[in-house]
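A.B. asks: Chains as they are written, first to last, in my numbering: chain A, 5 to 278; chain B, 2 to 358.
Simulated from the structure, these hints should not be mistaken for laboratory data.
Don't take each hint at face value.
Claimed, not checked - 30 angstroms max Cα-Cα, derived BS3-like pairs, lysine-lysine:
{"#": "1", "chain 1": "B", "residue 1": "K345", "chain 2": "B", "residue 2": "K111"}
{"#": "2", "chain 1": "B", "residue 1": "K99", "chain 2": "B", "residue 2": "K130"}
{"#": "3", "chain 1": "A", "residue 1": "K190", "chain 2": "A", "residue 2": "K89"}
{"#": "4", "chain 1": "B", "residue 1": "K132", "chain 2": "B", "residue 2": "K336"}
{"#": "5", "chain 1": "A", "residue 1": "K93", "chain 2": "A", "residue 2": "K111"}
{"#": "6", "chain 1": "B", "residue 1": "K345", "chain 2": "B", "residue 2": "K77"}
{"#": "7", "chain 1": "B", "residue 1": "K99", "chain 2": "B", "residue 2": "K77"}
{"#": "8", "chain 1": "B", "residue 1": "K77", "chain 2": "A", "residue 2": "K111"}
{"#": "9", "chain 1": "B", "residue 1": "K99", "chain 2": "A", "residue 2": "K137"}
{"#": "10", "chain 1": "B", "residue 1": "K3", "chain 2": "A", "residue 2": "K11"}
{"#": "11", "chain 1": "B", "residue 1": "K271", "chain 2": "B", "residue 2": "K336"}
{"#": "12", "chain 1": "B", "residue 1": "K336", "chain 2": "B", "residue 2": "K206"}
{"#": "13", "chain 1": "A", "residue 1": "K60", "chain 2": "B", "residue 2": "K99"}
{"#": "14", "chain 1": "B", "residue 1": "K271", "chain 2": "B", "residue 2": "K345"}
{"#": "15", "chain 1": "B", "residue 1": "K111", "chain 2": "B", "residue 2": "K130"}
{"#": "16", "chain 1": "A", "residue 1": "K137", "chain 2": "B", "residue 2": "K206"}
{"#": "17", "chain 1": "A", "residue 1": "K190", "chain 2": "A", "residue 2": "K93"}
{"#": "18", "chain 1": "B", "residue 1": "K206", "chain 2": "B", "residue 2": "K99"}
{"#": "19", "chain 1": "B", "residue 1": "K206", "chain 2": "A", "residue 2": "K60"}
{"#": "20", "chain 1": "A", "residue 1": "K137", "chain 2": "A", "residue 2": "K111"}
{"#": "21", "chain 1": "A", "residue 1": "K60", "chain 2": "B", "residue 2": "K198"}
{"#": "22", "chain 1": "B", "residue 1": "K3", "chain 2": "B", "residue 2": "K130"}
{"#": "23", "chain 1": "B", "residue 1": "K206", "chain 2": "A", "residue 2": "K8"}
{"#": "24", "chain 1": "A", "residue 1": "K11", "chain 2": "A", "residue 2": "K91"}
{"#": "25", "chain 1": "B", "residue 1": "K336", "chain 2": "B", "residue 2": "K77"}
{"#": "26", "chain 1": "B", "residue 1": "K336", "chain 2": "B", "residue 2": "K130"}
{"#": "27", "chain 1": "B", "residue 1": "K132", "chain 2": "A", "residue 2": "K60"}
Claimed, not checked - Stretches of chain A that chain B covers, calculated by requiring three or more beta carbons in the stretch to come under 8 angstroms of a beta carbon on chain B:
{"#": "28", "region": "49 to 61"}
{"#": "29", "region": "224 to 231"}
Quantities reported herein were computed from a predicted structural model and do not represent experimental measurements.
From the three backbone atoms N, C-alpha and C, an ideal C-beta is built for every residue, glycine too.
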Amino acid sequence: METKTTKTFYLIPYYVWIALFVIAPIALIAYYSFFDLHGNFTLENYLNFFSSVYLKLTLSSFWYAFLITFFTLVIAYPTAYLLTKTKHKQLWLLLIIIPSWINLLLKTYAFIGIFGLYGPVNAFLNVFGIGEKQILFTDFSFVFVAVYIFIPFMILPIFNSLDKLNPSLIDASRDLGASSWTTFSKVILPLTINGVKAGIQAVFIPSLSLFMITRLIAGNKVITLGTAIEQQFLVTQNWGMGSTIAVFLIIFMVIIMIITGQRDKGATSNGNNK
Amino acid sequence: MKEITRAAIAIVVVCIILFGVNNYLNQSSGNAGNDTLTIYNWGEYIDPDLITQFEEESGYRVVYETFDSNEAMMTKIEQGGTSYDIAVPSEYAIEKMKENDLLLEIDHSKIPNMSNIDPYFLDLAFDPKNKYSIPYFWGTVGIVFNPALLDGQSFESWDALWDPSLEGEVLLVDGAREIIGMGLNSLGYSLNSTDEKELLEATAKLKELTPNVKAIIGDEVTQLMINEEASVAVTFSGQAADMMWENEGLDYAVPEEGSNLWFDNMVIPKTAANVEGAHEFINFMLDAEVAAQNADYVGYSTPNTAAVALMDEEVTSDERFYPPEESRENLEVYKNLGLEMLGKYNELFLEFKMSSN
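Given only the sequences and the hints, what does the whole structure look like? Please build it.
C.D. replies: As structure tokens, this is what we get:
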């Protein structure tokens with residue numbers, strides 16, 4: 005009996021936190037999305053969202069978020085795998101994580117210099133006779149910088165699940181005659197899929213609403229849902245429309261969480277959640 | 002458990018010490034809260050030495066914060082939270098702030114230096130009799146370009162930007178009013194147009210510009226033009242002056258079809274906690290020597306006649322930055338078009354941005 009009351013007692017801060025900082029803001033966003041500029045109740049914001057501008061915006065946000073997540077995964081998985089094989093793996097991991105402590109804005113500004121016409125990348129291209137290329141303000145530079153920024157968030161969960169993988173399972177698979185590809189696709193990948201899913205969540209969802217990099221690195225030629233929300237709140241002062249876009253962003257996030265959700269099957273019990 | 006308690010106590014102790022040190026530092030710099038003056042201004046829009054000078058002369062401690070758009074500034078003032086004593090909005094924003102009852106009336110008897118201001122900039126339509134605002138700087142929107150990177154184009158007309166030889170070379174300022182206004186001006190329409198047909202026509206014309214657009218950005222434009230990363234940029238006159246100061250090869254032009262003439266003015270928002278100090282600051286900034294020093298530093302055009310007299314003749318006779326009154330006729334001041342129209346402008350601007358890829 006007593007343990008039960010103390011348990012409820014300890015849960016109070018948690019519930020207060022959730023109510024104040026998770027449920028209340030989302031409820032407020034949903035509430036504001038039903039009002040127009042003059043504070044009248046309306047569904048027009050939702051109709052507006054389905055106009056061509058915002059639909060195109062959503063599609064392009066998804067496309068770039070997909071590209072970013074894809075390249076992050078392609079780089080992060082082998083890296084995480086190699087890390088688990090190194091001698092001082094915690095040190096190597098730390099070296100990868102340290103850059104994520106540096107302010108995001110600072111790193112982004114650095115890339116303006118690096119990718120500039122007179123920056124080191126173009127100097128390098130010049131040496132090989134390729135000549136100067138416009139790198140800054142292109143799709144390429146946008147995806148590159150975003151991937152660079154998100155890589156630690158992908159490596160960490162994958163590293164954790166790979167690190168917990170019992171090596172004797174791999175040995176067993178090899179002993180039983182499986183090729184390295186079969187071992188990877190039938191043993192290693194299924195056992196670490198939860199790490200991959202966690203990584204995808206940590207990268208895809210924030211990529212949908214990136215907004216500062218779109219201006220500094222892509223020169224506003226790439227527009228994401230995040231840019232649109234910022235504009236609606238700060239410039240147009242149309243809180244209703246801004247909230248409506250935010251509501252859709254939340255819906256998309258929930259869908260992604262469900263798709264990449266962790267299902268507890270026996271086979272995945274070695275995943276990072278345990 | 003023991004370790005957690007210990008850690009918790011350690012954190013609390015560190016917090017208390019930091020709080021104490023912070024308090025001590027604030028006190029030793031002579032501030033007990035009420036004699037601070039909070040200024041809310043555009044980025045790089047004042048000579049920092051002048052803030053120090055004002056602090057020494059008046060005994061107030063200045064807290065200086067910056068914004069990068071009129072809209073962001075208004076939103077923050079509307080929210081309250083920080084008690085800004087001075088803000089520096091543009092003319093159409095002042096109209097809107099007046100409507101929303103966000104401003105305090107200015108007591109002209111406390112600002113004797115107002116006699117330094119050129120009467121041309123006083124008593125304008127957006128604020129009759131300067132009840133709420135005092136001119137700070139003024140300027141135009143135009144094209145800054147690097148002749149060394151171009152082959153002899155001149156920018157007497159906005160249409161020059163559409164020239165195919167400028168592919169991927171044009172930087173645009175990230176502002177809906179400025180860019181849609183440019184589209185309207187290039188077609189010979191008013192940049193305050195609210196006519197649906199004219200706006201759509203302007204947007205369609207802007208979409209044809211997209212192959213030439215390198216980027217649509219904010220203050221970063223300055224650095225990019227100085228470093229010769231691009232050859233042409235649409236920007237504000239003062240930013241152009243900054244760039245030309247750093248890179249002497251650059252030039253600036255205001256196209257003949259017309260452009261925007263803007264005024265930034267000092268106001269005292271409703272949130273002000275130190276109204277007395279705010280008046281003192283406004284008067285200080287209008288002092289001839291102070292205004293001249295500030296204009297030298299910032300690079301925008303000062304409305305202060307007494308300051309102009311003190312400044313370098315070469316600067317003040319430059320018609321690109323101090324256009325004579327006759328040639329200001331083609332220039333238009335932004336009107337407050339209302340939130341609905343602003344939303345429309347922004348949606349069209351968003352459409353333009355999205356087509357630029």
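A.B. asks: Kindly indicate which numbered hints from before are broken by the structure, ordering the numbers from low to high.
C.D. replies: The structure breaks hints 1, 9, 13, 18, 22, 23, 24 and 27; every other hint is satisfied.
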